[in-house]
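**Q** Starting from the known structure of chain R, fit chain L onto it as the hints suggest.
Sequences listed follow chains R and L, in order.
In terms of the working numbering, the first sequence has 744 at position 744, counting the first letter as 1, and numbering is strictly consecutive.
In terms of the working numbering, the second sequence has 237 at position 237, counting the first letter as 1, and numbering is strictly consecutive.
If you are wondering where the hints come from, they were derived from the structure by calculation, not from laboratory data.
Heads up, the beta-carbon is just placed ideally off N, CA and C, and yes, glycines get one too.
Distance condition first, Cα-Cα at most 30 Å in a straight line; then the derived BS3-like pairs of lysine-lysine:
| id | chain 1 | residue 1 | chain 2 | residue 2 |
| --- | --- | --- | --- | --- |
| 1 | L | 102 | R | 233 |
| 2 | L | 306 | L | 289 |
| 3 | R | 362 | L | 17 |
| 4 | L | 160 | L | 102 |
| 5 | L | 102 | R | 291 |
| 6 | L | 144 | R | 379 |
| 7 | R | 486 | L | 160 |
| 8 | R | 297 | L | 102 |
| 9 | R | 358 | L | 160 |
If you want the footprint, here are the derived chain L segments under chain R, 3+ residues with CB under 8 Å:
| id | stretch |
| --- | --- |
| 10 | 66 to 74 |
| 11 | 97 to 108 |
| 12 | 171 to 177 |
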Amino acid sequence: MKFFIDDLPVLFPYPRVYPEQYAYMCDLKKTLDAGGHCVLEMPSGTGKTISLLSLIVAYQQHYPEHRKLIYCSRTMSEIEKALAELKGLMKYRSQELGFEEEFRALGLTSRKNLCLHPSVKREKSGTVVDARCRSLTAGFVKEKKERGEEVDLCIYHEVCQFDSSGLYYSANWVSKNLDLLEPHNLVPPGVFTLDGLSRYGEEHKQCPYFSARRMMPWCNIIIYSYHYLLDPKIAERVSRELSKDCIVVFDEAHNIDNVCIESLSIDLSEDSLRKATRGATNLERKIEEMKSTDAEKLQNEYSKLVEGLQQAEQAREEDQFISNPVLPDDLLKEAVPGNIRRAEHFVSFLKRFIEYLKTRMKVTHTISETPPSFLTHLKDLTYIERKPLRFCAERLTSLVRTLELVNIEDYQPLQEVATFATLVATYEKGFVLILEPFESEAATVPNPILHFTCLDAAIAIKPVFDRFSSVIITSGTLSPLEMYPKMLGFTTVLQESYSMTLARRSFLPMIVTRGSDQAQVSSSFGIRNDPGVVRNYGTLVTEFARITPDGVVVFFPSYLYMESIISMWQGMGILDQIWNYKLILVETPDAQESSLALETYRTACCNGRGAILFCVARGKVSEGIDFDHHYGRAVLCIGVPFQYTESRILKARLEFLRENYRIRENDFLSFDAMRHAAQCLGRVLRGKDDYGVMVLADRRFERKRPQLPKWINQAMLDSETNLSTDMAVANAKNFLRTMAQPFKSRDQEGISTWSLADIERHEAKRKAEEARMMNQETAPVHQMNGAPSTIQIVEDEYDDDIDEDLMMLDAQ
Amino acid sequence: MASQDPRDEDEVCPVCKSSRYLNPNMRFLINPECYHKMCESCVDRIFSSGPASCPVAGCRKTLRKNRFRQQTFEDIGVEREVDIRRRVMHILNRREEEFDSKRAYDDFLEQREEIIANLVYRTDVAKTEAQLQAYAQENIQSIKANQALEEQEATSFQKKILMEQEEARMRQQIAREEYENERREQQATREDFLTRLASGSAADVAAITHDGHKVHLKKSSARRSEEDRIRQKQAALRGTEGKRTGTPLAMGETPGATSGAGLIKGLRKIKTPEPEKPYDPFMGLVPGKRDYYTQLESYPYAFLDKLRSDTTVQAGGYDLQEYYSRTLLEAFAGLGCFVQEEVAQREASSALGISKPAATEGAAMAAVGRNTA
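One chain only, chain R, in its complex shape (with noise of 0.2 Å):
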């Protein structure tokens, strides 16, 4: 259908719109006439990715800047979604206008996803396929087949590789394709989903990522994972050309703080240190090889160094393999210091400094310390200053890139102890390093681990706000709103969160508090494990199982817990019980386990009773996994999933957020617990004719019930906030008795669907709505409104309690 916003038109390839889809779309456009960051907040199923992108589309095609449009996206199979809900789009638009428009959209994912080199793509870990890629694809090695030496080259790359003035580099293999390759035209204009990419790629003999890569600056829209974009390592390199006028979109955004510090964050064991230090052993021999075959290249690269950074810039390329992990504004403009300036001494600072963070692992108890006195110690040890230790990075790329090594992946060690080096030598604040001697409270034997955290979302995501004008964060659950705009420190031109409209109650959102026999329940770490509580719990997962048609899924805070009440569970019989009517599957931290029992999951769903699947709040199931229809008509939620408080790394958090941000420890912490539960809640509900009941089982979440996201907040009623289990479970056999009534699509019209009449009719309401408004204001109004009823129920009256035992009880 073609509707109008203000005069944007608006091509949308299906015949109904919903009403929130609508408010969405307006919303979106508002933000991008402004100009500005917006943050949005959209029910999780009612068609958030399609919305926008016929927005942004439209946006693009009918203003002549034409804004080029990133999305970025968590997962691999969500960028593939998108892709081709993107390719429909433009299948409609182009029936619809009558011709092709041009436009041009690409996926960019890893090198193991798109690589089509037959030997290369069947290695499983990402980074030996990148390192055996650039073994096959770097500069130099093509030099070296220049000069004629035996070296592997790959077919795929070759053909879209071309120097500066457009010509190819190897003219037996492009001459097939010269005419029709030029660097904006490697692949046609269209959309590629990952897919299709990779068939074009194995049919013209080219490259998947490559194209891609190279032609970025050409595509309209460009759809990638957050990393190439957050990741200061990779996104120096994949995203430096794009220009300032960018749309950027993080979609399914609720965790985007979390992507932000891991990104900056290095872990370092013992074990990475006594490969690195090997790793920095084969260097010094490396150096000695060269200083008697090839002595001139080590005095380039000395000269280079001398003149400074700049020059040794010009000879970056795709091939480097590690880039610098500062961000972009604080890029190092000086030379390098004198101290590493030779490639020996590089070496013997780089030994010296490994050496120092060996003894400091041998300390038997836990230090927490700001980078500035680490620094300190480490001149007071070992005399390495500040000042070359913030070049360590960038000073290894060269040296790497002088030396001609191939087989990288010998030197990832290495690489993070430099990564490491530089980002604790460039920021004093903002990161802390905790070294954890031990794995666990009870181990004896030491398994010393230096973390370097970053405890600022914000340094990460900081270069993506000041660069782009319109930066839009979008997500199913992102409640409460103005959280986000405060951890990440940006302004928002505009925060939304929309409700769903339904034509029918299709979802059933309850919050347990007591069990059966009244008592309530609760995972506080007090009573957690009392056999009260755990029977309670085991009651109402028996209880759900027995009354819900197929999919049952149940979440726990924490597996350890997890572990804990299904050992209980069984003394207790509670496994044999829900064993009758349904099959039992678990998460585990294994990832290919888990995947089994998912499709296990999914084969008993669809034939016979179903199966109720135990899994972790935290864990890849709550994540990025739908339960759609039959695959999950129930979803509890048993337990608010805190994180685990006291993680050293998250108390350094919480006290940085409460000096620097004002947000306290528990508000933090209840808004984390709350946003993974809405996520958990989420995954049952996959669009409108969807339906689901959704538990909440804690006592402590009836406080929490504001910090829902909205949509959720308003399905719920007042009286099914606080049930006891056999009332949940009545409520919860009624409403899926109703739900089983047959239900017309046309029921749903002018409701929760709209044609294009109705947001015609919307439209002209909302105008006459204006008018009055404006009519009131210029009337000034005489009679105040009489005192309005006296009589106001006050539900959320202690909303803003402490939750005084979330801090005492869980962190013990």
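**A** Structure of chain L alone, referenced to chain R:
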């Protein structure tokens, strides 16, 4: 530190061959003369009665007991390098601000690295050592000054860190107290509300509920504004403290060195400020000093010679010197003025139309002088 590692159970002392398995408390020591490792009991046994030669075969170094110490780094090579580095850095401790350019400083850093590498890999040891010694003797003062500076920096940094920690602790405590207060208050309101509900009649319920809610809101907003106020105060406090702590680092940056070193190139020429002279009211004008001549005690002139001894002339207070001075001044007056030039100048400026009577200029200058005075 290294010896406390419980994992290497089969570590053996290279001298007495006793293993950690039998003696779990064994500690290894090294001597910076030769860096050979041996256990503590061996050190006691061999070196208690005075200096002896190293027991490791082939090493003939004479060692003393008091120089033995535990090793810091696992790698003996690095241990040795750091020792050498410590010594060299102690001597070659020039700072970045003492150099003309960044490039010069970088060159210095590289040179220092070279020297250390020479000592570590035992190439040209004698020459390098000689260079070092020579430099140390030449630049004793600057070395000492820089060392003092470094120490000062370290202590001020330590102080700053301590202060920051203390502040963080205080803030945490305040936050916790705030928290407690809030909780207590809320509990009190709730209790109060309940008692009122319990004692009041059924008709009041609505009013009490409403009241309770209002009070609650009012309190929370009042608390919030109070918190804001306190926070602002804290922030202001922190700002001033930051300024205060910032000063000691900036101070004391006067380079105390005097002479440039032969070893290091690119050092900034250090200008020692001239010592302040006593106050001179004539601004450098020496009374009785003349530009073109010096006045002598007497000039051979017959007519005057007579007067010198003539008491009748002398009695009136006639001073020959006075006479000399006046005549000479008259003779040389105007020698520094070049009329031609001045005339040309005046004509040029009058042609441009900016001629200014000298008198007004002088008056203006005088006025300025008065103002400043």
